[in-house]
Amino acid sequence: IKLKKKILHLIRLQQQLLELIEFQILKKMDITATNEPVRFYCFVTCPYAIRVRTALELLQVPYEYNEIDLLVNQQLTPEFLKINPLHQVPVIINKQGQTISESLVCLEYLNDKYQPGLLPQDSFQRAQIRKWITYYSSIDAKKWRILGAIRNKNKEEAYRILNEIQQNLKFLSSQIDLPIRVEQNSKTFLFGSTFGMGDIAILPVLDQMIILFETAFGKHILKDNLNGKDVDALKALYIWFENTKQQPAYQKSTYKLQSLPQNPLIDELNLRNNWQFDKYYINFAQRKFFPSGQIPKL
1 IKLKKKILHL IRLQQQLLEL IEFQILKKMD ITATNEPVRF YCFVTCPYAI
51 RVRTALELLQ VPYEYNEIDL LVNQQLTPEF LKINPLHQVP VIINKQGQTI
101 SESLVCLEYL NDKYQPGLLP QDSFQRAQIR KWITYYSSID AKKWRILGAI
151 RNKNKEEAYR ILNEIQQNLK FLSSQIDLPI RVEQNSKTFL FGSTFGMGDI
201 AILPVLDQMI ILFETAFGKH ILKDNLNGKD VDALKALYIW FENTKQQPAY
251 QKSTYKLQSL PQNPLIDELN LRNNWQFDKY YINFAQRKFF PSGQIPKL
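Anchor point for the sequence shown: position 90 equals 90 in the UniProt record's numbering, and the numbering is continuous, going up by one each time.
Warning: the hint list may mix true and false statements.
Unchecked claim - DSS-like mimics (lysine-lysine), calculated; alpha carbons at most 25 Å apart, straight line:
| hint | residue 1 | residue 2 |
| --- | --- | --- |
| 1 | Lys113 | Lys223 |
| 2 | Lys143 | Lys153 |
| 3 | Lys297 | Lys143 |
| 4 | Lys95 | Lys143 |
Treat the hints as calculated values from the structure; they're not laboratory data.
With the hints as extra help, turn the sequences into a complete structure.
The following block contains the structure:
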């Protein structure tokens, strides 16, 4: 009986040792995989693709950049439709050849795959961040209504929606206690002390909304308070925006690109040796969204 117990004990030890060896091998394989570049399909000023590019930069994930020129509808070519039938950027293709698309889905994938991730460990905090990202998506959707009003030269409707967007932004700022936190620390982020998924999801989309609306209305949506109310809420969001915009991962994905893709509009605007993110974006937006190639005067 004693001999049988010893044999069983040795068998258990052997199994544990094999499991430990297997775990270490898999862990090593996973580390190796994370060091190999993912394929990343992007458009140089697409705010949704910039979300993912910023996350890749922040997490120091090596990636192979592939430009999909939305101005000439390269996303509709048979080659790209094989990659993403939804004809949208961003797209990530991992080492296993698996395709991940939709910007927020890509952020979730990167958060799960690469340490230290983009979200806090606390489940409630993660839920709150996701809730407010969803809320911001509803704000972002309204910019398409503004573009429609501008195209139709409906000044009253355009300004009504602009005011509505600004009120939504003030509400977001107040609900997450941003005015209080900015007063305590002007370098705070949207959801705490760390630059993370909430900031990455909102910053590039808001940045380009600001560029577009300044051109269309001559108004900065975070500086020019349209109804004079909730001053602190708007000011806090502006302070967050200006500080967070300087994050190295975001700058490397927008204003300070280390290399520029092959893109005819970059060369037409003479930006290859003097990159100006906002100039490129507004020229792209005017040509893409307005038949005349110019934003109509309201």
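Structure-based check of all given hints:
1. Lys113 / Lys223: violated (38 Å)
2. Lys143 / Lys153: holds (15 Å)
3. Lys297 / Lys143: holds (17 Å)
4. Lys95 / Lys143: This hinted pair is violated, its Cα atoms lying about 36 Å apart.
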